[in-house]
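Student: Those protein sequences? They're chains A and B, same order as listed.
Per my numbering, the first sequence runs over residues 480 to 666.
Per my numbering, the second sequence runs over residues 480 to 666.
These are calculated hints, taken from the structure and not from any lab test.
Be aware that a few hints might be false.
Since copy identity is lost for identical chains, a pair holds within one copy or between any two.
To be verified - Keeping only pairs whose Cα atoms sit at most 20 Å apart, straight-line, the calculated PhoX-like set for lysine-lysine is:
| hint | residue 1 | residue 2 |
| --- | --- | --- |
| 1 | K506 | K544 |
| 2 | K544 | K617 |
| 3 | K617 | K495 |
| 4 | K614 | K544 |
| 5 | K646 | K503 |
Given the structure is predicted, the values throughout are model-derived calculations rather than measurements.
There are 2 protein chains.
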Amino acid sequence: MTIPEYININFKTDFKEYHELPFKVTKKTFKKGTVITSYGQIERSAYFLISGLIEITVLKDTEDKIVEFFLPGCFFGAYTSFLSQQPSDVQVSALSNCEVEVIDYDELQNAYKTSLVANQLGRLATESIFIISTKREKDFLTKSAQERYDELLSKRPDLIKLVPVNKIAKYLGIHPESLSRLRKNIS
Amino acid sequence: MTIPEYININFKTDFKEYHELPFKVTKKTFKKGTVITSYGQIERSAYFLISGLIEITVLKDTEDKIVEFFLPGCFFGAYTSFLSQQPSDVQVSALSNCEVEVIDYDELQNAYKTSLVANQLGRLATESIFIISTKREKDFLTKSAQERYDELLSKRPDLIKLVPVNKIAKYLGIHPESLSRLRKNIS
C-alpha cells in the first residue's frame, strides 16, 4: 500500500497521482540494518512503510529495549520528536530492506494549516499509533508473559514469522529461554 | 480553559459562542468519586476538563493500576474505546468535583467528514495524549523509581500537590513506603 491508497481507502477520496496530494511525498529505500533516526536526532520526516520491517528502541544504560515493530501499511518514525521537534529518545532502524514514502516536517505543517485531507490523515495516523502504543503499556501492567505471547501469536502472527526470536523476547520483556518455554507450552 | 478557547489559542480562530463550533458541546459536572466511564463500557463521549482532577486506571485481577492523571485544560476519556467503539479496558474516575465539556461520538464523527477545524482539533488532542502516554511507557523501560519521581516533581509539580500520595505511588508503580523514602532523598 502507498500513502495515496491509504488516503483513498480511509477517506473515500480518489487521488491517482502524488502531485494531487496536499503535501510532497518522496520515495526512499533503506538497506537492512540502517539506523533511520538515531538517539538525540530531531525527527524531520514522517515515514510510511511500503515494504520491509521497522524496529523502534529506547536506550536503558547501554542496552536497547524494543518498544515497537512496524509492518507495511502504516506510518512510523520517532513521532514524539517529530511532533515536539526535540531530540529523539527512540531509535528507528530497518530490520530488513525497506521501501518507504517520506513526508517532510515543514511540508506537513504547512498542509495542516489549510488542508482537510492532510488533517484527516494526520488524525487517523496518530489515532492508530496511539492505540498500538497504549495497548502495549496496558498489557505490561495487566498481563503475564504467557498471555502477552499468546496474544501476539493470535493478533499479530506476521510479526512472529518475520521477527527473529531474540527480538520477540526483548519486545515481550522476557529472557529468550523463557520465550522458548512459552512456545513449548503452546505447541 | 474551555474548548472554544483551546481551539482559538491553537488554531488562531475566533470562536465566541458554542454554536459557532462544528460540533455540539454540552457542559456537565461530576461529583468527587464518580466513575465516568467503567470497565467494559463503550465510550461515547470525548471530554474536556475545565476544572477538577481525573484518574485513568486498568484492572489487574482485582486491583486497579493507575495509568494516567489529567489536570484542567486537556481532553480525556477512555480514548481507545472511543476510537474503536469496543468495550473499554480502562476506567475513568473523578478524583475531585469536576466540571467538563462533552462532545458526543456521532457529532464528532460527522464533523470529521467535512470540518477542517474539527480535524485540526482531533489531531492535536490525539498528538498530546500520544506524547503523554508513550512518555510514561518509555520512562518505565528506562528510568528508576527515583528518576521517575524526580521528573514528576520537576515537570508536573501540580500533580504532586493535588494527588494523594498513595495514588502517586501507584502511578509510579512503587510501594507507598518506597515513595516516602524517595521523598526524603529529595528534601
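Student: Compare the structure with each hint and give your call.
Tutor: Status of each hint after checking the structure:
no.	hint	in the structure
1	K506 to K544	neither (29 Å within a copy, 43 Å between copies)
2	K544 to K617	both (17 Å within a copy, 9 Å between copies)
3	K617 to K495	neither (40 Å within a copy, 39 Å between copies)
4	K614 to K544	both (17 Å within a copy, 14 Å between copies)
5	K646 to K503	neither (34 Å within a copy, 47 Å between copies)
Consistency note: the structure conflicts with the earlier hints numbered 1, 3, 5.
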